[in-house]
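Protein sequence lines correspond, in order, to chains A and B. So that you can map any letter, position 151 of the first sequence is 173 in our numbering, and since no number is skipped, the others follow by simple counting. So that you can map any letter, position 20 of the second sequence is 52 in our numbering, and since no number is skipped, the others follow by simple counting.
Calculated directly from the structure, the hints in this document are not laboratory data. Any given hint might turn out to be false.
[Unchecked claim] Among chain B residues calculated to face chain A with C-beta under 8 angstroms, some are:
id, residue
1, V103
2, I105
3, F111
4, T265
5, G267
6, M268
7, A272
[As the list claims (entries may be wrong)] Within a straight-line C-alpha distance of at most 30 angstroms, the following computed DSSO-like cross-link-like pairs (lysine-lysine) qualify:
id, chain 1, residue 1, chain 2, residue 2
8, B, K280, A, K193
9, B, K131, A, K285
10, B, K179, A, K373
11, B, K293, A, K107
12, A, K107, A, K193
13, A, K373, A, K285
14, B, K91, A, K107
15, B, K141, A, K44
16, A, K373, A, K131
17, A, K193, B, K91
18, B, K179, B, K280
19, A, K285, A, K193
20, B, K179, A, K281
21, B, K131, B, K141
22, B, K91, A, K44
23, B, K280, B, K293
24, B, K179, B, K91
25, B, K141, A, K373
26, B, K131, A, K107
27, A, K107, A, K44
All C-beta atoms, glycine included, are put in the ideal place defined by N, C-alpha and C.
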Amino acid sequence: MSLLERESAGVVMTPDNIRSQKLHPGLNIGIAVAALVVGMAVAYGFGIGNYVLGVVLGVVFYLVGLQIVAGRIEGRRAARDRMWKTLIYAACVLAILPLASVVWTLISKGVGRLDGDFFGSSMNNIGARDPDGGAYHAIIGTLEQVGIATLMAVPLGVLGAIYLVEYGRGKFATTVRFFVDVMTGIPSIVAGLFILSFWVLIVSPWFNNGTPRFSGFAASLALTVLMLPTIVRSTEEMLRLVPGPLREGAYALGVPQWKTILKVVVPTALPGIVTGVMLAVARAAGETAPVLLVAGGAAAINFDPFAGGQQSLSLFVYQQAGDASRYAPARAWTAALTLVAIVLVLTVAAKLLARRNSLSK
Amino acid sequence: MGDNPSRSENATAGDLGVTGRHARGAGTGVSPRSYEEPPFGGGGALPKKTRFGMEAGFKGLSVAAGAMVLVIIVAIAVFLISKAVPAINADTENFLTYKSWFPNDTEPKFGIAVLAFGTVLTSIIALLVAVPIALGIALFLSHYAPKRLATPLGFVIDLLAAVPSVVFGLWGRDVFLEPVRNFSLWLNEYFSWIPIFGGDGPFGRSVLLGSLVLAIMVLPIVTSLSREVFMQTPGMNEEAALALGATKWEMVRTAVLPYGKPGVIAAVMLGLGRALGETIALALTLGVVFNISFNIIENGGNSIAANIANSFGEANETGRGALIASGLVLFAITLVVNMAARAIIYRRREFRDSAA
């Protein structure tokens with residue numbers, strides 16, 4: 023006699039008694055409300071904290087209560103399942119709170135100086151008591167530095183990726199690939215120090231009668247160091263997605279390898295490559311530390327990236343944040359809003375482009 | 033020329049003295065597109081292999097671009113060392129153990145101990161806070177949330193990874209400072225018997241504030257990498273667990289987490305690398321004090337990167353060298369962390385392409 027038959031001997035199996043009992047949703051909500059009330063009562067009753075503590079205690083009590091009640095009704099394993107589910111949802115809420123606060127503050131504080139003057143004037147001759155002044159010079163600086171950095175990093179990065187995908191075999195290629203990944207993690211301040219010690223302190227005195235000189239170009243070099251690994255990685259992934267038969271078709275027609283790469287492989291992967299480049303540009307535009315170290319910042323408009331200090335938007339935010347003027351925080355927040363807008367537009371455009379990309383589907 | 037017609041540059045073997053491209057008579061084979069290639073009918077359809085043609089040139093260019101990465105990494109080390117060594121030699125105290133930073137004096141005195149301690153302390157606290165939450169969100173996005181919610185939420189998380197650190201720093205200093213100060217006061221009132229929450233204040237611009245801001249910044253990175261890994265769990269494993277009667281959490285614990293473990297470790301290490309190198313957010317939130325203290329709520333704390341940003345402005349030549357020396361230490365730490373993370377990813381090759 024099998025176990026099943028013995029068990030079912032006296033009982034008619036119906037869906038109701040096979041299925042294990044479920045915690046009623048109303049009971050679940052009831053536990054939650056009761057836990058919150060008790061939490062608030064403990065927090066305020068003993069005078070040990072405000073509503074935040076009440077909510078935290080409420081969550082703890084809810085977890086305990088759920089464990090007990092659900093454990094009775096559904097069994098221990100199902101109760102534990104509920105507990106983890108609650109914790110995972112709580113983690114999500116907990117993370118969204120500060121991020122929402124960042125976005126809200128950016129918008130509410132950032133619109134204060136969002137006027138024509140902000141985008142049309144620099145900080146030249148703006149004293150601590152002057153409420154105006156703007157970020158025109160910083161926007162110019164960011165555009166020039168990031169633009170030059172892109173011009174340098176994109177050919178280098180794409181060629182490097184072509185090496186890894188099309189030519190790279192053996193130990194050397196593995197080493198290069200490994201260090202591209204490692205380079206992704208180099209802190210931006212270290213890249214800044216590298217350009218400081220290499221370009222600003224050693225190379226730039228040759229062009230400037232022996233004295234070191236800050237310049238926007240130095241910042242571009244540092245940003246290039248930061249963008250290069252990102253571009254190599256994303257391009258490499260895209261090139262790998264190009265179907266092999268496309269290459270073989272070209273070879274079969276007698277096209278040399280370099281021409282195949284330039285005329286067949288790269289154009290096929292182009293949308294993906296552009297996406298990767300845009301993400302790298304967005305990241306570079308937000309970097310502060312390298313610009314601080316090698317471009318130095320400036321209050322006036324400087325169109326020449328090769329001579330003299332240049333401002334950038336992120337550095338402008340940092341410097342205004344540290345400024346003693348009572349008008350500085352408003353400028354800092356508006357500049358931060360501008361910076362985030364630029365970065366997010368680039369990122370969203372890149373992601374949308376990636377979605378339309380037929381290769382990565 | 034006549035010795036080896038198939039390999040010669042302008043061979044016209046097979047032709048009867050006709051040299052014009054279009055004047056070739058019928059029946060002499062397929063005509064080549066240009067003079068550089070031998071006619072197919074004449075044998076040897078392959079173009080001549082040249083030593084310095086476009087092919088070799090392009091290949092050389094791309095190899096050079098690939099090698100550039102190695103050159104840059106080596107150059108970073110070389111140039112940082114070249115500027116750091118004179119400063120360390122000028123240091124009148126032990127660089128590794130001295131607990132203060134006066135490199136601009138006539139007798140420079142500076143040591144990395146406090147800064148390295150602060151860097152590691154803030155990063156570890158940030159990870160302790162961020163990693164459980166990030167894993168929770170990653171699991172939510174990969175296994176709990178309905179697809180309609182998971183896709184846009186994942187998109188938002190990716191966007192947050194792109195928000196510049198200076199914005200988080202500004203937010204931490206202008207907005208987050210107040211709640212953290214209140215929290216610190218509360219902790220100090222009820223838990224001052226625990227040394228890390230002790231002290232007499234002032235509170236606020238503390239290791240706690242810096243670490244929490246850092247945690248918020250690391251969160252999107254760890255989340256998006258872990259989510260990718262969790263999503264790659266073979267459906268077979270999950271279904272097998274569910275078929276054996278596992279609850280959803282048991283399925284996650286027995287199928288998803290073990291499979292994703294190396295990827296999660298790598299994501300955490302990458303987050304650690306990011307946290308160690310973070311500059312501006314910490315420069316804006318920490319209350320720069322040079323001492324080694326485990327008290328996390330009193331004003332204080334410092335890190336290598338924040339110190340570079342804060343004291344670069346007034347540094348003289350030795351001061352700059354000292355900052356570069358501290359940057360060298362940071363470079364070494366992050367290099368080790370990143371290489372360890374990558375080594376873990378590389379051992380499990382299936383994660384290599386996702387964890388970029």
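Comparing the hints with the structure gives:
1. V103: This hint is violated: B:V103 lies away from chain A, its Cβ roughly 10 angstroms from the closest one there, beyond 8 angstroms.
2. I105: Where the cut-off is 8 angstroms and the nearest Cβ of chain A is about 6 angstroms from B:I105, the hint holds.
3. F111: Holds, because the Cβ-Cβ distance from B:F111 to chain A comes to roughly 4 angstroms (cut-off 8 angstroms).
4. T265: This hint is violated: B:T265 lies away from chain A, its Cβ roughly 16 angstroms from the closest one there, beyond 8 angstroms.
5. G267: Constraint on B:G267 not satisfied, violated at 19 angstroms.
6. M268: 21 angstroms, violated
7. A272: 17 angstroms, violated
8. B:K280 <-> A:K193: 44 angstroms, violated
9. B:K131 <-> A:K285: 60 angstroms, violated
10. B:K179 <-> A:K373: Roughly 18 angstroms separates the two Cα atoms, so the pair holds.
11. B:K293 <-> A:K107: With Cα atoms ~20 angstroms apart, B:K293 and A:K107 stay inside 30 angstroms; holds.
12. A:K107 <-> A:K193: Distance ~46 angstroms between A:K107 and A:K193 Cα, so the pair is violated.
13. A:K373 <-> A:K285: With a Cα-Cα distance of about 25 angstroms, the restraint between A:K373 and A:K285 holds, given a limit of 30 angstroms.
14. B:K91 <-> A:K107: Not OK: B:K91 and A:K107 at ~54 angstroms, beyond 30 angstroms, violated.
15. B:K141 <-> A:K44: 69 angstroms, violated
16. A:K373 <-> A:K131: Within the cut-off at roughly 28 angstroms; holds.
17. A:K193 <-> B:K91: Measuring from Cα to Cα gives roughly 17 angstroms; hence the hint holds.
18. B:K179 <-> B:K280: Holds, because 17 angstroms separates the two Cα atoms, which is no more than 30 angstroms.
19. A:K285 <-> A:K193: Holds: A:K285 and A:K193 sit about 28 angstroms apart, inside 30 angstroms.
20. B:K179 <-> A:K281: 43 angstroms, violated
21. B:K131 <-> B:K141: Holds, at about 9 angstroms.
22. B:K91 <-> A:K44: 66 angstroms, violated
23. B:K280 <-> B:K293: Holds - the C-alpha atoms of B:K293 and B:K280 are around 18 angstroms apart, at most 30 angstroms.
24. B:K179 <-> B:K91: Roughly 45 angstroms separates the two Cα atoms, so the pair is violated.
25. B:K141 <-> A:K373: Judged against 30 angstroms, a Cα distance of about 50 angstroms means the pair is violated.
26. B:K131 <-> A:K107: Outside the cut-off at roughly 47 angstroms; violated.
27. A:K107 <-> A:K44: 15 angstroms, holds
The earlier numbered hints that this structure contradicts are 1, 4, 5, 6, 7, 8, 9, 12, 14, 15, 20, 22, 24, 25, 26.
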